[in-house]
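**Q** Sequence:
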Amino acid sequence: MRTMSIALVALLVLCVGCKVGPTYRVPAVMAPPAFTEQPPQSSIGSKDWAAAAPEDAWAKGRWWEVFHDPELNALEQQVDVNNQTLKSSVARFRQARAFVRENRSSRFPTISAGVTIARDRESLNQGVAPPDNEAGYGNFDLGASASWEPDLWGRIRDLVASSVQNAQASAADLENARLSLHAELALDLFDLRSLDNERKILEDSVVAYQKALDLTQNRYNGGAVNRSEVEEARTQLEATSAQAVDVTDLRTQDQDAIAVLTGQPPEGFSIAYKTGSLAPVVTPAGVPSALLERRPDIAAAERRVASANSQVGLAHAAFYPQVLLSAAVGLEGTSITNWFNWPSRLWAVGPSAAQTLFDAGRRRAVLDQSTASYDALVADYRENVLTAFRQVEDNLASLRILEDEAARQQRAVASARASEELSLNRYKGGLVTYLEVVTVQSIRLQNERVAVDIDRRRMEASVLLIRALGGGWDANSLPQPGAITSTK
Numbered sequence: 000m001r002t003m004s005i006a007l008v009a010l011l012v013l014c015v016g017c018k019v020g021p022t023y024r025v026p027a028v029m030a031p032p033a034f035t036e037q038p039p040q041s042s043i044g045s046k047d048w049a050a051a052a053p054e055d056a057w058a059k060g061r062w063w064e065v066f067h068d069p070e071l072n073a074l075e076q077q078v079d080v081n082n083q084t085l086k087s088s089v090a091r092f093r094q095a096r097a098f099v100r101e102n103r104s105s106r107f108p109t110i111s112a113g114v115t116i117a118r119d120r121e122s123l124n125q126g127v128a129p130p131d132n133e134a135g136y137g138n139f140d141l142g143a144s145a146s147w148e149p150d151l152w153g154r155i156r157d158l159v160a161s162s163v164q165n166a167q168a169s170a171a172d173l174e175n176a177r178l179s180l181h182a183e184l185a186l187d188l189f190d191l192r193s194l195d196n197e198r199k200i201l202e203d204s205v206v207a208y209q210k211a212l213d214l215t216q217n218r219y220n221g222g223a224v225n226r227s228e229v230e231e232a233r234t235q236l237e238a239t240s241a242q243a244v245d246v247t248d249l250r251t252q253d254q255d256a257i258a259v260l261t262g263q264p265p266e267g268f269s270i271a272y273k274t275g276s277l278a279p280v281v282t283p284a285g286v287p288s289a290l291l292e293r294r295p296d297i298a299a300a301e302r303r304v305a306s307a308n309s310q311v312g313l314a315h316a317a318f319y320p321q322v323l324l325s326a327a328v329g330l331e332g333t334s335i336t337n338w339f340n341w342p343s344r345l346w347a348v349g350p351s352a353a354q355t356l357f358d359a360g361r362r363r364a365v366l367d368q369s370t371a372s373y374d375a376l377v378a379d380y381r382e383n384v385l386t387a388f389r390q391v392e393d394n395l396a397s398l399r400i401l402e403d404e405a406a407r408q409q410r411a412v413a414s415a416r417a418s419e420e421l422s423l424n425r426y427k428g429g430l431v432t433y434l435e436v437v438t439v440q441s442i443r444l445q446n447e448r449v450a451v452d453i454d455r456r457r458m459e460a461s462v463l464l465i466r467a468l469g470g471g472w473d474a475n476s477l478p479q480p481g482a483i484t485s486t487k
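The sequence shown begins at 0 in numbering that gives the first Met the number 0 and counts up one residue at a time.
What the hints contain is simulated information worked out from the structure, not anything from laboratory work.
Positions of the beta carbon are idealized from the N, C-alpha and C atoms, including for glycine.
Check before you lean on any hint, since a few could be wrong.
[Unchecked claim] Label-pair distances were calculated between CB atoms; the ranges are:
1) 266 to 379: 57 to 63 Å
2) 364 to 342: 52 to 58 Å
3) 406 to 72: 28 to 34 Å
4) 90 to 356: 23 to 29 Å
All chains, full assembly: derive it from the sequences and hints.
**A** If you want it as structure tokens, here you go:
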């Protein structure tokens, strides 16, 4: 008997090392050797290029500091503290960690204990006549039991691995949410600053148009022009004033969005008006293969592929017997006087095994589902990688093209301003009608607003490039299994 027990234990120990699921390998992707687009040469050679990529700031994730904007820095710090979306992501990561600890407990025996004190009386009218115990009898039980499932086929290992990998994906989701929220705040603030610049242009134009209206009114009073020119000047003034009001409404929306991102109610929250040039930052893109380690969304997708692979292993393990080792010890008596006597002892120990013989294809269907889920997540992972490559290329291209467009647009603005000045002088000299002045003033205003919008788009492309590159995050930052199972 002892020999059989030793042999059984040895067999179990040997089988615990078995694993029937597939071995996981990171899905292969096609990464080009380099990005087609390169940062604009004027930016690379400029004085600001070195300051645009401080490695110490990137390593700590404070990528927004490359813009050297104190107000942006102050607002970004509030996102990590107050943003409710980020707090929700943190809570989901904590939930995933707790689920890992729940599954990890399956590796260890389950031990329970209980005590029962009762007075029983059996019915005299049952099928088998009990002894005459009209007064009943005592039932005193004190016992403990333990059960443990040896991980013969790697089922528990796959279960724990799947939950760990899901927790790591949740951690990457948290970092991706953090990156997206910080980028959204930067985009909103730079859009707000662009609107401030646009409003300044419109307000300056309103002042200029008011002077032009006064001039036209005086000339009308002197009989030099007809009434239609006065109305043309007034129409232009009022239309430009209305556009300034519309810009104010758009600015309010950006301001309210920033309030919510920083966890504050829009009521009472304000950002001071500030005008000035917007300086985009061009960030070194590196090589495409490094992007796989720098994007938290790619890391999350890869960890979900790994989890799906573990789920396939779980589905395979269902085809093998489930073995359970159990033991129980205790004391049972009929009264308090004999409850703790040596003859009241009891114990039981032994293994049990169960194997499904027929389930009408249920296990096969579960395996097919797990395999299909794995294949779908592999495709999603590769699609995420391709999307990441595209986003980097798009924003590098935008920065290069918009830099050239901005230079051309500035020349157009200078020409429009010169044309406006010439037309006003010709009008004052009575050489042209006010219709010509209105036309060139509209052209000048339109070109100035286009120049401001190009600057906004350059800032947007700069922020989006940083986000596309991962914002200084690295896959090595993912929590390891030991850190996930820790309760700290």
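**Q** Just pull the numbers of the violated hints for me, sorted ascending.
**A** Failing hints, ascending: 1 and 4.
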